[in-house]
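Visitor: For the protein sequence lines, the chains are A, B, C and D, in the order given.
So for the first sequence, my numbering puts the first residue at 1; every next one is plus one.
So for the second sequence, my numbering puts the first residue at 1; every next one is plus one.
So for the third sequence, my numbering puts the first residue at 1; every next one is plus one.
So for the fourth sequence, my numbering puts the first residue at 1; every next one is plus one.
Distance condition first, Cα-Cα at most 25 Å in a straight line; then the derived SDA-like pairs of lysine to any residue:
hint	chain 1	residue 1	chain 2	residue 2
1	D	K146	A	M31
2	C	K217	B	R41
3	D	K146	A	G29
4	B	K59	D	S57
These aren't lab readings, by the way, just hints derived from the structure by calculation.
Predicted model, so just to flag it, every value in this text is computed and none were measured.
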Amino acid sequence: MIETRRPGLAHACAAVLRRDLTLAWRLRGDMVLPVLYALIVTSLFPFALGPENALLRRIAGGVVLVTILLAMLLAMDAMFRSDIEDGSLEQLMLAPQPLAVMLGMKILAHWLATALPLIVVAPLLAGMLHLPATVIPVLLAALLLATPLLSLLGGILVALTAGTRRSGMLLALMLLPLCVPVVIFAAGALAAAQEGLPWIAPIAWLGAALVLAVVLAPLACAAALRIALDS
Amino acid sequence: MNGASLSSFFAMGGYAVYVWPAYGVFIIVLLMDWLAPQFRRRRVLREVRSRMARQDGRKARASAPASLEEEGRGEGLRLP
Amino acid sequence: MANWIPLWLHKLSSPPVFYRFAGSLRPWAITLAVLLGVIALYGGLVLAPSDYQQGNDYRIIFIHVPCAWMSLFIYGVMGVAAFIALVWRIKLAEVIAMASAPIGAAFTFITLVTGSLWGERMWGTWWTWDARLTSELVLLFLYLGVIALYHSFEDRRQGARTAAFLALIGIINVPIVHFSVNWWNTLHQGSTIRLLGPSTIATSMLWPLLTMMAATKLYYIASLFGRARVDLLTLESGKDWVRQIAQNEVRG
Amino acid sequence: MNTVASAPSLDTPAQRGAPLLEARALAFYRQDEAVFGPLDFSLTASELMLIEGDNGSGKTTLMRILTGLLRPEEGELFWRGERLTWDRCSGEVVFLGHQLGLKAELSARENLAFTIGLHGHRNQSGIEQALTQVGLSGLEDEPVRKLSAGQKKRVALARLLLVPAILWLLDEPYANLDRAGIELVDVLLEAHIAHGGSALVTSHGAVQFHGGEPQRIHLHD
Numbered sequence: 001m002i003e004t005r006r007p008g009l010a011h012a013c014a015a016v017l018r019r020d021l022t023l024a025w026r027l028r029g030d031m032v033l034p035v036l037y038a039l040i041v042t043s044l045f046p047f048a049l050g051p052e053n054a055l056l057r058r059i060a061g062g063v064v065l066v067t068i069l070l071a072m073l074l075a076m077d078a079m080f081r082s083d084i085e086d087g088s089l090e091q092l093m094l095a096p097q098p099l100a101v102m103l104g105m106k107i108l109a110h111w112l113a114t115a116l117p118l119i120v121v122a123p124l125l126a127g128m129l130h131l132p133a134t135v136i137p138v139l140l141a142a143l144l145l146a147t148p149l150l151s152l153l154g155g156i157l158v159a160l161t162a163g164t165r166r167s168g169m170l171l172a173l174m175l176l177p178l179c180v181p182v183v184i185f186a187a188g189a190l191a192a193a194q195e196g197l198p199w200i201a202p203i204a205w206l207g208a209a210l211v212l213a214v215v216l217a218p219l220a221c222a223a224a225l226r227i228a229l230d231s
Numbered sequence: 001m002n003g004a005s006l007s008s009f010f011a012m013g014g015y016a017v018y019v020w021p022a023y024g025v026f027i028i029v030l031l032m033d034w035l036a037p038q039f040r041r042r043r044v045l046r047e048v049r050s051r052m053a054r055q056d057g058r059k060a061r062a063s064a065p066a067s068l069e070e071e072g073r074g075e076g077l078r079l080p
Numbered sequence: 001m002a003n004w005i006p007l008w009l010h011k012l013s014s015p016p017v018f019y020r021f022a023g024s025l026r027p028w029a030i031t032l033a034v035l036l037g038v039i040a041l042y043g044g045l046v047l048a049p050s051d052y053q054q055g056n057d058y059r060i061i062f063i064h065v066p067c068a069w070m071s072l073f074i075y076g077v078m079g080v081a082a083f084i085a086l087v088w089r090i091k092l093a094e095v096i097a098m099a100s101a102p103i104g105a106a107f108t109f110i111t112l113v114t115g116s117l118w119g120e121r122m123w124g125t126w127w128t129w130d131a132r133l134t135s136e137l138v139l140l141f142l143y144l145g146v147i148a149l150y151h152s153f154e155d156r157r158q159g160a161r162t163a164a165f166l167a168l169i170g171i172i173n174v175p176i177v178h179f180s181v182n183w184w185n186t187l188h189q190g191s192t193i194r195l196l197g198p199s200t201i202a203t204s205m206l207w208p209l210l211t212m213m214a215a216t217k218l219y220y221i222a223s224l225f226g227r228a229r230v231d232l233l234t235l236e237s238g239k240d241w242v243r244q245i246a247q248n249e250v251r252g
Numbered sequence: 001m002n003t004v005a006s007a008p009s010l011d012t013p014a015q016r017g018a019p020l021l022e023a024r025a026l027a028f029y030r031q032d033e034a035v036f037g038p039l040d041f042s043l044t045a046s047e048l049m050l051i052e053g054d055n056g057s058g059k060t061t062l063m064r065i066l067t068g069l070l071r072p073e074e075g076e077l078f079w080r081g082e083r084l085t086w087d088r089c090s091g092e093v094v095f096l097g098h099q100l101g102l103k104a105e106l107s108a109r110e111n112l113a114f115t116i117g118l119h120g121h122r123n124q125s126g127i128e129q130a131l132t133q134v135g136l137s138g139l140e141d142e143p144v145r146k147l148s149a150g151q152k153k154r155v156a157l158a159r160l161l162l163v164p165a166i167l168w169l170l171d172e173p174y175a176n177l178d179r180a181g182i183e184l185v186d187v188l189l190e191a192h193i194a195h196g197g198s199a200l201v202t203s204h205g206a207v208q209f210h211g212g213e214p215q216r217i218h219l220h221d
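Next comes chain A alone, as it looks inside the complex (with noise of 0.2 Å):
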């Protein structure tokens, strides 16, 4: 007979998740659009809004959390497109692995390559509306937990339009109730800092939805895609 060796879940893990590492590398060019998009819409407000440094100032925070954020919505549509076309997805589907796992794993892969580079740019983005440099540490802050939630919450709804045609445009409808929450948090962060408040509370909340997402989303996603691939 066959023997049947039970499933190491690490070694499933680090090949997805490098074998994902690894495609995006091969297809960096894709992976600076975002970054790309970032920086014009940034550099767009300044030529709406007037050259003054004391507006700017105060916009900072927001446009920049907002600009990273549609950024991320544009490479949001591409996380388990592929995977559905050449029939990836119905191999993890069907290997031993939970199914959830596997999709963290991308998740988390896709959050490298697309909003990782974002982060990175994100004190280039703020230089630009002349955040005052003190608060650039809490900008990165928020970021490096409003967007692994926003990843997460993504992840879901692409799991849910996995069925349907390319659709970027519903993707945005349904995102928007959803990072709502997000932005308010990060953003109240960001103004607090900026203010010279306290800003610590929205920060922890962050955190506190991250822990939650980190649990449960890849589950509904998982959840999400059963429902949405069964036709």
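Following the hints, complete the assembly by docking chains B, C and D onto the known chain A.
Guide: Chains B, C and D alone, transformed into the frame defined by chain A:
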């Protein structure tokens, strides 16, 4: 209700601009919500009828070679 | 002892049975809804005295408040139906959830418009980022997301199940949004709309309000049944009972 | 409309104990129209089953149901005598579908290494041998996107050799393959059956199989 009080009723103490559009939106939106499925129902039934007509036509044409099985789930086990 | 409940529920969840049941109940619901609505409007627009502080424009609350209430209530119904649809895969539950979404969106839209009319009168601005109005706006987007996701699938049932999942996520989201918008308002010292102040409401205002609430509920039932009936016809268009209805309609 | 024609198979399930995979009155409808079915069949170890039928007769749908990706509308599926759920048989089943599940930007070696890792193993020494066995030696490090359709199929077939699975579900394994490729599939299947494995194979054409007479299910449109 005489004419003067009726017009003062419509004037709503000067707030007609706010009150009547609110009620108008209420009525119009709900009326649209009510009518949409009625139209859709008519369309759906029309489609069902035209599909039935098509199937009847096909059946009439196919009845020349006589015994063609009724459409449905009448599959059985057929041994070679 | 609970044996009889699943039985009649099971019977009712059969599409042709529910179609007939909804068809016989719908005329009563809509008649009663219109009747109560007219009574409530008469009470609210004519009988209720004009408020000495706010003038006549407070009369918007007779539709604004019931609609706001319905927008949340319908989302709740949709969530329960969505849950049933996903766990037990009952066709009728899918239909109820998806038929509720446009009605809920309509009530949410009315709430937003009447609320902004009220805001224009009170603060001279059509839109204020008040916690409740903002939550209501997010609710509208949730409804629209559910409707759009439902229609983006070619297979109706698959679309319904997927959109049901989104509706459930939305149910978790609504309180979070409300909490965060409240927090955001305290941060930015926003204004708050209070249609119903802390002061006690006069009976002359209360009864039209409650009557209108009953009327909107009944309207929802009637509209839901109407939509669910059409959806069932679409889903079961290959079945004999639908063909019979289609043929009878042409004769009648 | 479907008609099930089951040829007399070599063994009846009763002779072998609980069958590996068993279907009872399995049926699937789309918008009230039967895609296939009611189907009854059972598959024991060391057995091959061919699912034949024209395009659109529901072969792929049946395959997706057997993998657990799709739920049957009616009827039941049993895996080793227990009701089949998608996590019950995973790891014992390998599926080769229309979409091969290969990443075009990765090489054949990288694709296979991923499969091995996904199944929880680390040892990648078999890749070289498997690729040689499917006739792709020398192309190990070419990106899959540069391979021909038949060569891609061979990479996917190499996956069967690397993942220890009892049941192979092969959806149109002969498509896109040349004569040598078709022979390769037959050889792989014979070896698998000889080692106690089972396979379900869909095909719209005749299949030459030398390891005994397979069970046949015919799906009519």
